[in-house]
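Asks: If you're matching them up, the sequences are chains H and A in order.
Just so we're aligned: 125 in the numbering used here is position 127 of the first sequence, and the numbers increase by one with no gaps anywhere.
Just so we're aligned: 366 in the numbering used here is position 259 of the second sequence, and the numbers increase by one with no gaps anywhere.
Treat each hint with caution, since some may be false.
[To be verified] Straight line, CA to CA, 25 Å or less: simulated DSS-like cross-link-like pairs of lysine-lysine:
1) A:Lys341 - H:Lys69
2) H:Lys213 - H:Lys271
3) A:Lys341 - H:Lys131
4) H:Lys69 - H:Lys271
5) A:Lys341 - H:Lys312
6) H:Lys275 - H:Lys152
7) H:Lys255 - H:Lys152
8) A:Lys113 - H:Lys69
9) H:Lys275 - H:Lys255
10) H:Lys271 - H:Lys255
11) H:Lys152 - H:Lys171
12) H:Lys312 - H:Lys55
[What the hints assert, rightly or not] Which stretches of chain A does chain H cover? Using the computed rule of at least three CB atoms under 8 Å from a CB of chain H, they are:
13) 249 to 256
14) 269 to 276
15) 342 to 348
16) 358 to 371
Derived from the structure by calculation, the hints contain no laboratory data.
Backbone N, C-alpha and C fix where the C-beta goes; we use that ideal spot for every residue, glycine too.
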Amino acid sequence: MNVKSLRVYALALALAAAGATAPFPPVQAQDDEILVWTDSARLEGFNAYQASHPDVKMRIVTGDMGDFPAKVQLFNEAGSGWPDVVFTGGPDQVATLSQPDVNYTADFTPYVSKEIIDGFAAGSLTGCQVDGKLYCLRNDLAQAVLWYDAALMKEFGYAVPKTWEEYEALGTKLAAEHPGYVIGALGDGGALEVYLYSTDCALTQPVASDVNQVKIDATSENCQKVVRMLDNLVKLGAVSTFGPFDAEFVQLATEGKVLAHPAASWFGEFVYKPTYKIAEGRLSAALPLTWEGETSARTFGWGGGAYFISTHAKNPQGAADIAVWMATSPDYQDTAPTFPAYLPAADRWGKAVSEDKFYAEDIYPVLRESANQLNPGQGFLRFTARDAISKILIPAMKETSPMADVLEAFQTELVNQAEGAGYTVVSE
Amino acid sequence: MLNRSKNRASFLFVTPYLIFLAAFGIFPVVYAVFLSFMNTRGKVDFFVGFENYVRMANDYRLGQSLLNVGRFLSVWLPAMTLIVVTLALLLHARPGRVSGVLRMIYYLPGAVTGTSAVLMWLFMFEPRISPFKPILEALNIQTAYNILRVPNLPFVFSIMLIFAGAGGWIVVLYGALNSIPNEIIEAALVDGCDSWSLVRFIKLPLITKNIVFMLILSFAGGFQLFVEPALVHKATLGAVASGDWTLNQIAYGYAFTRLDFGTASAISTMLLLLSLVIALFMIFRTNFYQIDV
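With the rest of the complex left out, here is chain H (with noise of 0.2 Å):
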């Protein structure tokens, strides 16, 4: 034996051996199965549909949903490989997804019906029109509203504020009334998205008439008005500067010093009951509020999610018919874990918190009223607010200088990350 031929056997061992181990799973569905792709949470809800539906041939997958878009990318490039019904909890990845050379997010209005479209909350199904065409629907809402604990609140003899100027003024009386209590938790990105997005503040605001323009004005008198008050609040100590998320503000909650919090509504069930501990029949909730001289509110939605169908689904109408039903169906929606986009969904949702004795009071009214609020500012885009809050806004905020003085460099970021995701921005 030569040397020539040890290298050819050596190298026929080696990719026998590669060979045998198949290391990719075969992720294409059979002809006539559908393939759902969803995270844990949802996973009963599909089981539920497969189970109600035996005729429907349907293989569900579970995964980590945040890096979705890339691995629509990857698909892209091998030519297969879609999944047919995607539940995901990033809905703004529909920005992505729908561009004309990603090609993955398919129209719904062909296969389902006008009067369930009219059906979810106003304004939560915007972000998802494209062009005229509805490339997601909203699986649930995390409209913003103000929390508080209504025990304390009775107990200093406060009242409940209905505007931001009457926040910024409980703060002011609390820190000096009451000092180490506090009104909120600004250490955290989606934490400053409730404040910013409560006004008509061009941050990610899309424009109607071009799909890739986007409004930026970081510096206008609504942004200026908001970050003023929120140095205040912090210069008094009226609010946290960590997040409500942070060990730090998670220990002023479970010690009760937590007056109030604008906060998604998602906290209450998640956040409140297992990591705040709050005590039975304190806790409740009040609409958004206004600013002076608007006619009504605007919300931030802080998150909730999204279900996509693909262009490439070889039965679009009966993935659509999955996701409508996820979406919908009383089965599913009435026992969901969050606040349903479906608006006759929410009703009956509504009843199991009108009834839960863990609230002071039946918050359900206050939840169903800014389901309707949602700020139209807000947008599905290709990049999100987020970030630039994250690196701007916050290291001044910890740093204790006024996050006013950084706005021009906050509104530039915003601009750069604008102009990096490929919009054109414009201020008007």
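Add chain A to chain H, keeping to what the hints say.
Replies: Showing chain A alone in chain H's frame:
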């Protein structure tokens, strides 16, 4: 005859490594360089020349991230070299059982690498749960954010990487010191060398190549820093460092957020070229491959 069977045996030993090197080392690099000249969005990849490199050069974050990585390297490389060389020399000066045990102790932190090391250090920086609470409080540090401030980040990452990486290099340099022929050291001692002169004139010059080797590999690795800043950013929910603190993070963002594999490959190729240039510079400057007689 003996030579031929020796060649055959050495071929057999090296071939598996060569296969993996080709498949997982060389081919991805060539593919990335190829991709850096293509536009990969859309159905078909098409050639775009240097467009991706221009886009990379015009990225508003490039200057800041080069500065970040530069600051980090200027803290980490000297500190690590100093610590590693000093400890290796000390260990070599006192051979014996203690030295052997200490070598193992220095090496142990290397077992906790990458993401685990970052998490462990984040716990150590948080006064509420850190075993070093008295020290942190004496330094007036009430919360981890006091340490993880943006100007401190080069030092923070240096600490993490020195802790994890120093042990391995200490063992390597100790091995290099051990390979110095005893006769030379004895001759030096006979000539009246004290410990410090021994280090300065005998030991250090003879292990210079190994130190250069360590510097080349560390520079290449540090220049491509990714795990530590990305994890610190994620673990603090975005409050510390940004998602584009280093060049590799920017490349990652291009690939997986902007779905632009072409520009990501351009950044990676540039990182490779820069590391190669520095490596070649150091090799030729120090006559690295010259075989001493």
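Asks: Each hint needs a verdict: does it hold in this structure or not?
Replies: Results of checking the hints against the structure:
no.: 1; hint: A:Lys341 - H:Lys69; result: holds (20 Å)
no.: 2; hint: H:Lys213 - H:Lys271; result: violated (38 Å)
no.: 3; hint: A:Lys341 - H:Lys131; result: violated (34 Å)
no.: 4; hint: H:Lys69 - H:Lys271; result: violated (35 Å)
no.: 5; hint: A:Lys341 - H:Lys312; result: violated (38 Å)
no.: 6; hint: H:Lys275 - H:Lys152; result: holds (20 Å)
no.: 7; hint: H:Lys255 - H:Lys152; result: holds (14 Å)
no.: 8; hint: A:Lys113 - H:Lys69; result: violated (48 Å)
no.: 9; hint: H:Lys275 - H:Lys255; result: holds (12 Å)
no.: 10; hint: H:Lys271 - H:Lys255; result: holds (16 Å)
no.: 11; hint: H:Lys152 - H:Lys171; result: holds (15 Å)
no.: 12; hint: H:Lys312 - H:Lys55; result: holds (13 Å)
no.: 13; hint: 249 to 256; result: holds (count 3)
no.: 14; hint: 269 to 276; result: violated (count 0)
no.: 15; hint: 342 to 348; result: holds (count 3)
no.: 16; hint: 358 to 371; result: holds (count 6)
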